[in-house]
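Novice: Please put together the full structure from these sequences, using the hints given.
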Amino acid sequence: MTEPLLSVRDLKKHYPIKKGLLNRQVGAARAVDGVSFDIAPGETLGLVGESGCGKSTVATSAIRLEEPTAGEVLFNGGDRRGATRNDDGTHPNDVTRFDKGELKAFRRDAQMIFQDPSSSFDPRMTVGATIAELLSIHGMTDRGRRRRIVEDLIERVDLSASDYDRYPHEFSGGQKQRLALARALVLDPDLIIADEPVSALDVSVKAEVLSLIDDLQAEFGLSLLFISHDMSVIREICDRVAVMYLGEIVELGPTEEVFHGPEHPYTEALLSSIPTPDPRATLDEIELTGTVPSPTDPPSGCRFHTRCHRVIQPEDMEMDQAEWRRLLTLRKRIESREVDVEQATENLALDDEPDDLSDEAIKSQLRSEFELEAPLDSATAEATLETALDRLVSGDADGAEEVLSSSFTTPCETTHPEFVDHDADHKSACLLHVDDRPDSRIGVENVPQ
Amino acid sequence: MATENQDRFDRVDWDEIAASRGRDLSVNTLGMLAFAVPLALLGLYDWRLVDEREATFGAIGYDIDITSLEYLFVFTLLLFAFYLVLPLYQNPRRTKHYWTEFKRNRPAVVSLVWLAIVFVGGLIGPLLMNAPQQDILISHQPPVYLSVDQANVANCVGEIANGRCHGTWEYPLGTTNGGRDVLTGIVYGMTTTMQIAFIATTIVAVVGISVGTVSAYAGGWVDEVLMRITDVVLSFPTFLMFLLILYIYGAGIGMFILVFSGFAWGGTARYVRSKALSISEEEYIKACRISGANTYGVVRRHVVPNTASSIITQLTLLIPGFLLFEAQLAFLGIGDTEVPTWGQLISAGRSDLAFAPWIVLAPGIVLFLTILAFNFLGDALLDALNPEAQAETDQ
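Protein chains in written order, with our numbering: chain A, 1 to 449; chain B, 1 to 395.
Among the hints, erroneous ones may be present.
Under 7 Å between C-beta atoms, here's a sample of chain A residues computed to sit facing chain B [unchecked claim]:
1) L65
2) K104
3) R107
4) M112
5) S119
6) S120
7) D122
8) R124
9) I137
10) H138
11) G139
12) D188
13) V203
14) V205
The hints are simulated quantities; they were obtained by calculation from the structure and are not laboratory data.
For each residue, glycine too, the CB sits at the ideal point set by N, CA and C.
Specialist: Laid out in structure tokens, this is it:
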């Protein structure tokens, strides 16, 4: 196997949360929590996920715009090829250990494009001067040469050389993104990290910029780390795709394979959100319930289990998967004391006959709120739910929690899934794929109906 | 074709370029150095080699002495010329844009003309006119076209008609009780006014911008310490401090400028800090940092220019304060009596206000107009230099 250009190993970025007079650290937002991936020379890796899942932090930590908390970022571009590890286990190409001089050389080999075209250029400098500034930072003292190089480059991104002397506000968003691309290219890098480069653009401009990126990548053999929340953009431009959820990569594989046979429920949900132009296509959009958990206190086990539509049932239960999901959601809400019995009572009083405010009525109100209409498929589950609701309505939330959490359990919340290889280059981290569940492939009907 | 290939971004031999140690000085820096270095040498010569009572150019036969205040003044003028006026000339399109924006504000244009008159008058006036001399024989001459009761004038230069002494063109704005020409006094006052304006502005800008950006970029305890110092500066009773210095050492106009601008940078520092913090989150700063620029480069090329519009406005509005304060001190009789200022003139005329109001009115009106002009100018600059407003109008 050829040496990857960029090799990220177990990258972590935790933002400390400090409180009080002495700025004591009381916790950390684990924005990126152990991410590993490789980018081969000339390859485009897509990094996809919801807002706030840590995609951009991966980019800024990998390129050392921010100092990563832990992990290794091996960059083998420039003339760093073929380096081997030192005796003490460190790697000479580890970006996180680069000193000032090495870092400056690294800046020539890895560049970044940002999301917001409106703030990506200094409003007080001509765009040409902004791009040429990079050349002068790296020691090119010849003014005329700087200008010629930048003019040539501006033409390469399909603008005219006379745009050199114009100011950022004179360009449209798409033009500014082209210029941002020119700025990223001017030092002739091997790797470009594009952080949502087209998400602020409208559809036609988006397509133009994407094809420009594609062309330039082919012409200059660039590697690209392409960050986006938009699956359709990823599909268009990426060779491989990594799906991130809450600071972790959950699935990594060649784009076509991931799009045709997603192995992780989260990828499946993301893919189902792509609108299809076919009016006859059956709408089976997977709606993720619940909110994105906070990275300061990520869920135990599999981080996706609080929202997963394929969350695993205990051995002794047999019920509809959707119902199981709703039961777990109810359990979570009761655990975090978010179920408001009084509110339910009030709603009831507003709705129908106000004299019927019996416990039974409140219970059925709560059940309908969580779409858990009686009776449930499983008799044992029904009995447990009844007991829990009784306790809840009588004001004993702790009791209700105890009942629910003792019987409605899932291995997803206790076991952190390891990566499972599916094909040569395709892996995912989901307990459904762990070996002791023989028929565990998503898409094969493994879930009880 | 070889040269053409040289000028493509992917044909650059970066290892060679990065290894070379060339310095790339801008025209502005070169020009600044070309003038500032001789000035500094002259200053050094004046300080170490020339006797204190001897004129600077005494050795080559010219009886011209340069005071330390004048060295500072020339230096600040050079700064303004090379880092404010020359860039405006270098970016004609942007200058034109600023000018169209600025032109909309008519009072500001008039103010600019007035300030230009004061500036030019202050610069070349003293070269053309002799310093106002005490001459008791011609005291209390009225301004031209005006007259005053003959009893109040000891020796009328103009014609006397109906018992009233009429003014002449020889003393267009009349004379003081000491017989000094008021017009000459006003022109010489312009020099002092401009010295105060330029030197104080430079000191406040340099200290304020330095403290603000260091505070924003260093963070942690450095930020904490600098901002607490700024709090002290903002709440410091500068006037009492000045009185104390005056009492202990005696204080001239130079000390006045130093003390008051030394305690006026608090607001600027606060502003620059907050602006630098918000700008450092902008993507173009990130892009610049990712390109390998060091913090100083980022601050110098991006942060300061982007705070400049508001700093310039703030400084323009700071100058009137200094001028007023100087006038007040002079009026109270604790100003620098060796330097001709408008405040000195006003204070010289206050005892004769009853019959010779021109001594107070002429410099008073000039002072008033100047302060008004700076205020108008500040407002107009705020509108013209504001990049957000600029982007909006262009859309």
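Novice: Run every hint past the structure and note whether it holds.
Specialist: Outcome of the hint check:
1. L65: holds (6 Å)
2. K104: Because about 5 Å separates K104 of chain A from the closest Cβ in chain B, which is inside the 7 Å limit, the hint holds.
3. R107: Constraint on R107 of chain A satisfied, holds at 3 Å.
4. M112: holds (5 Å)
5. S119: Since chain B brings a Cβ to about 5 Å from S119 of chain A, closer than 7 Å, the hint holds.
6. S120: Cβ of S120 of chain A sits 5 Å from chain B, so the hint holds.
7. D122: holds (5 Å)
8. R124: holds (5 Å)
9. I137: holds (5 Å)
10. H138: holds (6 Å)
11. G139: This interface hint holds because 5 Å falls under the 7 Å limit.
12. D188: This hint holds: D188 of chain A lies near chain B, its Cβ roughly 5 Å from the closest one there, short of 7 Å.
13. V203: Violated, because the Cβ-Cβ distance from V203 of chain A to chain B comes to roughly 21 Å (cut-off 7 Å).
14. V205: Violated, about 17 Å.
In summary, the numbered hints that this structure violates are 13, 14.
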